[in-house]
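One-letter residues, chain by chain:
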Amino acid sequence: MILIKLFTTFFKIGAFAFGGGYAMLSLIQSELQINGWLTAAEFADIIAIAEMTPGVIAINSATFVGNKVAGVAGGAIATMGVFMPSLILVLLVSHAFFKFKDHRLVKGAFYGIRPVVAALIMNAAVAIAKTSIMNTEIIKSVSDFLAEPLNFVDIKAVVIFIASLITIIKFKLHPIVLVLSAAAVGLGMYYLGWI
Amino acid sequence: MKLLWDLFQTFFRIGIVTFGGGYAMLPLIHKELVDKKKWISEEDIIDIFAVGQSLPGAIAINTSIFIGYRKKRYAGAVCSMLGTIMPSFIIITLIALVFDKVEDLPQLQAAFWAIRAAVVALIAAAAVKLGRKAIKDKTGVIIAVIAFIILLLFNINVILMIIAGAATGLTIYFIRSSRKEGRI
Numbered sequence: 001m002i003l004i005k006l007f008t009t010f011f012k013i014g015a016f017a018f019g020g021g022y023a024m025l026s027l028i029q030s031e032l033q034i035n036g037w038l039t040a041a042e043f044a045d046i047i048a049i050a051e052m053t054p055g056v057i058a059i060n061s062a063t064f065v066g067n068k069v070a071g072v073a074g075g076a077i078a079t080m081g082v083f084m085p086s087l088i089l090v091l092l093v094s095h096a097f098f099k100f101k102d103h104r105l106v107k108g109a110f111y112g113i114r115p116v117v118a119a120l121i122m123n124a125a126v127a128i129a130k131t132s133i134m135n136t137e138i139i140k141s142v143s144d145f146l147a148e149p150l151n152f153v154d155i156k157a158v159v160i161f162i163a164s165l166i167t168i169i170k171f172k173l174h175p176i177v178l179v180l181s182a183a184a185v186g187l188g189m190y191y192l193g194w195i
Numbered sequence: 196m197k198l199l200w201d202l203f204q205t206f207f208r209i210g211i212v213t214f215g216g217g218y219a220m221l222p223l224i225h226k227e228l229v230d231k232k233k234w235i236s237e238e239d240i241i242d243i244f245a246v247g248q249s250l251p252g253a254i255a256i257n258t259s260i261f262i263g264y265r266k267k268r269y270a271g272a273v274c275s276m277l278g279t280i281m282p283s284f285i286i287i288t289l290i291a292l293v294f295d296k297v298e299d300l301p302q303l304q305a306a307f308w309a310i311r312a313a314v315v316a317l318i319a320a321a322a323v324k325l326g327r328k329a330i331k332d333k334t335g336v337i338i339a340v341i342a343f344i345i346l347l348l349f350n351i352n353v354i355l356m357i358i359a360g361a362a363t364g365l366t367i368y369f370i371r372s373s374r375k376e377g378r379i
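Line order of the protein sequences matches chains C and H.
Residue numbers are given in the working numbering: position 55 of the first sequence equals residue 55, and the series is strictly consecutive.
Residue numbers are given in the working numbering: position 155 of the second sequence equals residue 350, and the series is strictly consecutive.
Calculated from the structure, these hints are not laboratory results.
Please note that the accuracy of each hint is not assured.
As a list, the in silico DSS-like pairs of lysine-lysine whose alpha-carbon atoms are at most 25 Å apart [what the hints assert, rightly or not]: (1) C:101 x H:333; (2) H:233 x C:101; (3) H:267 x C:101.
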């Protein structure tokens, strides 16, 4: 029955999707193509949707595909499939984690893990910056970039970036307010013809 | 009971504005749960994030389950997770019902272009804030810098990075305790 297949396919995706959003994409794509649930064009749609909607791509694509294949019920079942592995595994680990986190070996390991996490978070900012502030696709070499940096940098995005930093650091603006304000700014700039 | 609802609606509000991937949730979690509600400490967030990265599934979902468990065990975990997922589920279901194809509205693109720039700032600021808690000494700085450079240059899997971090931490621990006991 299709609902069962939806559940098991997305359960598999949820269970093997390591490493965050875009790493999951190739797994999602292969699973969906195997089942014949999406064409390449529709897959491109999902990526576009995932960019435009809040939340994680795993959930977004599960809900979308499930809906296309079997209506609202399909969307619900597929979504449940994708978060089940997380729920089970994290609950198992949480219990152990909070129990053992003060053990000297665990502390020792986390002493090394924590700086790595800081680096990972900063790297996430850089990764998005590459698609937002810098046009890395057309940068052919560092010397190219240094010679004429303005060609490769989206100045308007940089301005928004800096303005955002100021509101965060100086005015301690709530992130939710910042995101909504940025959306408004983007819309405003569009209507003013500035973009 | 009130706490369960609070968990749900807090993560729901966070879920609505998490654009740009799981990491974008971090500044929101920090503001709501560490600053405002004081439900967890900054050190806890870092550790939860670390473990959440190492397990399969989306970091945002894993993190919400962890925090929910911390506050109200299994019921808390489920409520937090549902809060995180609901906005996506509702919005996408509506989109799937109303549109057959995704519309490439330029207005939407403009809005998201601006949001992306703001998200870079949010995540960078979170990285610095948490970095201050995550890095307590010179050794920590060295580990962070090396990890950052490796990430910039190579596309190393997140889990491998965390395992490497754990191995580094344990190695340092053993070296230090051996020195203390006079074995080295």
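Outcome of the hint check:
1. C:101 x H:333: 23 Å, holds
2. H:233 x C:101: Measuring from Cα to Cα gives roughly 20 Å; hence the hint holds.
3. H:267 x C:101: 18 Å, holds
When the structure is compared with the earlier hints, no violation turns up for any of them.
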